[in-house]
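Protein chains: 2
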Amino acid sequence: MAAKEPEIIRDKDQMRRWSRAMRSQGKTVGLVPTMGYLHDGHVSLIREAHNHTDLIVVSIYVNPGQFSPSEDLSTYPSDFHGDIQKLMAVPGDVDVVFNPHNLYDYGTSKNANANEAARASDDARVGNGGNGAVSCVEENGLGHETWVRVERLEKGMCGQSRPVFFRGVATIVSKLFNIVEPDVAVFGKKDYQQWRIIQRMVRDLDFGIRVIGSEIVREKDGLAMSSRNVRLSPEEREKALSISKSLSRARLAAAEGQTNCKELRDLVTQAIHESGGRLDYAEIVDQESLEQAKEIRSPVVFCVAAWFGKVRLIDNMEINI
Amino acid sequence: MAAKEPEIIRDKDQMRRWSRAMRSQGKTVGLVPTMGYLHDGHVSLIREAHNHTDLIVVSIYVNPGQFSPSEDLSTYPSDFHGDIQKLMAVPGDVDVVFNPHNLYDYGTSKNANANEAARASDDARVGNGGNGAVSCVEENGLGHETWVRVERLEKGMCGQSRPVFFRGVATIVSKLFNIVEPDVAVFGKKDYQQWRIIQRMVRDLDFGIRVIGSEIVREKDGLAMSSRNVRLSPEEREKALSISKSLSRARLAAAEGQTNCKELRDLVTQAIHESGGRLDYAEIVDQESLEQAKEIRSPVVFCVAAWFGKVRLIDNMEINI
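Chains as they are written, first to last, in this note's numbering: chain Y, 1 to 321; chain X, 1 to 321.
Okay, chain Y solo, but in the shape it has when bound (with noise of 0.2 Å):
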């Protein structure tokens, strides 16, 4: 086990001279970005960045650039303290945790006074991307006005109901790569569109960085590892399972032989709905294209996302067959 503490970082230039300073001595650096209040899906991915590079930086900030202004970002769970006490007993180490202020905040700007601001909220609303969307961000009218858009993978799933989610995400992303300039980058797989969208943005932008994929964490019972499950009353935390119990039954229905796309969301969303549970969305889609798939012929993913009292809850399984 290791004790050492990390190097808490705040300032993003203080961040970059870190980084190019190992670069210089020839080590290689892993991000690992999360948005805190770790657990132990967050301690797999930084194994699995130590698999890979000398020196770790685990970024923990919660983007309020993915967060529309009706969705959970003042609810969102923190604990700083806890996690770097999590993060102490990481084997092997994490050399920085970088915990900026405002990623957003470029100082005084002509473009930060309140006009600017309110006809930035204004133009946001009416032509960001023509979906009338518009984050946290924008609401605090600091003149931001850079997106990153995987204008394809970010459509479906999540994009549907989370309009500005993959926008914020690939925006925030792009600027931790800018200031922690990895050799590495790691992300869960429980976040399996969001993976994919940063696979192919990395390739799309030509960053220089490899993007890893790590597989989801489940609790004993199989429910997926996430920051929100600490937001679930003990009868939703239960009603939830039914989540992992469906996924794992229609897998099992797969490798036994169904291939038919509807039968196997019907088991889905009937347990969820049997459960309690209020239905997102349950698509089973191509693995890299993220198309709807009628049959599994090439392998796929069955993502879920639902809703148990005030809380969404996403997974997913591969089905490779």
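It cannot be assumed that every hint is accurate.
Pairs involving identical chains hold if they fit within one copy or between any two copies, as the list cannot separate such chains.
Said to hold, decoys possible - Heads up, simulated DSBU-like pairs for lysine-lysine below, C-alpha to C-alpha not over 35 Å straight-line:
{"no.": "1", "residue 1": "310", "residue 2": "245"}
{"no.": "2", "residue 1": "262", "residue 2": "239"}
{"no.": "3", "residue 1": "239", "residue 2": "86"}
{"no.": "4", "residue 1": "27", "residue 2": "262"}
{"no.": "5", "residue 1": "310", "residue 2": "294"}
{"no.": "6", "residue 1": "189", "residue 2": "245"}
{"no.": "7", "residue 1": "220", "residue 2": "310"}
{"no.": "8", "residue 1": "189", "residue 2": "12"}
{"no.": "9", "residue 1": "4", "residue 2": "310"}
{"no.": "10", "residue 1": "12", "residue 2": "27"}
{"no.": "11", "residue 1": "12", "residue 2": "155"}
{"no.": "12", "residue 1": "239", "residue 2": "12"}
{"no.": "13", "residue 1": "189", "residue 2": "310"}
Please keep in mind that the hints were generated in silico from the structure rather than gathered at the bench.
Since the structure of chain Y is already known, use the hints to place chain X on it.
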């Protein structure tokens, strides 16, 4: 006069390796992105870059991502051999010419087959930012789908008449930044809106790169240098002088106290019209926000785009009063 022939690199991984090797030796790298057919305006960008870095990379790449299918990609002038000769005459040397073949070809991919390509193109028509526009990259259907947009600054002026232009520029510059990984990049202020968009993008996405704007270089008679000038007939070239001449008159008028932007714009639009040019726009805008001014009360820039025959020219003058 230099006579050293620059190293020509066509492969992006080789380009990044060169840059990282130089950086590991403590050298700084400057990037001058061009589309080739180099003229003295480009040479001035290289001279400017020499003021800031040890080594200079000039990229020569006509970017299909910033042309719509109806624009002049196919007739854009090129002369690679002549460009190399020109670069060999630059005082202080150019170290590398980065001349990739196709920066949107990512090798064999499931997404590069015909069905996907057609669908990508359809998606782009209906979905890319809500403007229904599509670039030559989407026409080719190689599966690129990540775009960087500077959502407010890209809207006006050239963005009005060239709907995919700035999306394509911001995206290709991001790609070049990630491939070349320069310390400094130099852009010409002739493309004023482009320069401000790149500056904003670098700030918003936290690129570790300093962006320098370099002054417009003009022919003796005042015509702003452009690779497109070669496509003007002698008569059109003569008529095109109406742009720089009327801009100069407007700037003089402003210096003499005329701060009403409508009056100043009328002066320019009338001159271009009388010469037989077809105006695209003539706007007096804030130098940073690019928002239209009614009265000149702070530093502005007078930007013009106009057609002479089949050639679209742009020019601008800063008015600092």
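We went through each hint and held it up to the structure:
| no. | hint | result |
| --- | --- | --- |
| 1 | 310 - 245 | within (21 Å within a copy, 65 Å between copies) |
| 2 | 262 - 239 | within (23 Å within a copy, 67 Å between copies) |
| 3 | 239 - 86 | within (28 Å within a copy, 71 Å between copies) |
| 4 | 27 - 262 | neither (49 Å within a copy, 59 Å between copies) |
| 5 | 310 - 294 | within (31 Å within a copy, 50 Å between copies) |
| 6 | 189 - 245 | within (18 Å within a copy, 60 Å between copies) |
| 7 | 220 - 310 | within (23 Å within a copy, 69 Å between copies) |
| 8 | 189 - 12 | both (27 Å within a copy, 29 Å between copies) |
| 9 | 4 - 310 | neither (38 Å within a copy, 67 Å between copies) |
| 10 | 12 - 27 | both (20 Å within a copy, 22 Å between copies) |
| 11 | 12 - 155 | both (31 Å within a copy, 30 Å between copies) |
| 12 | 239 - 12 | neither (42 Å within a copy, 51 Å between copies) |
| 13 | 189 - 310 | within (23 Å within a copy, 52 Å between copies) |
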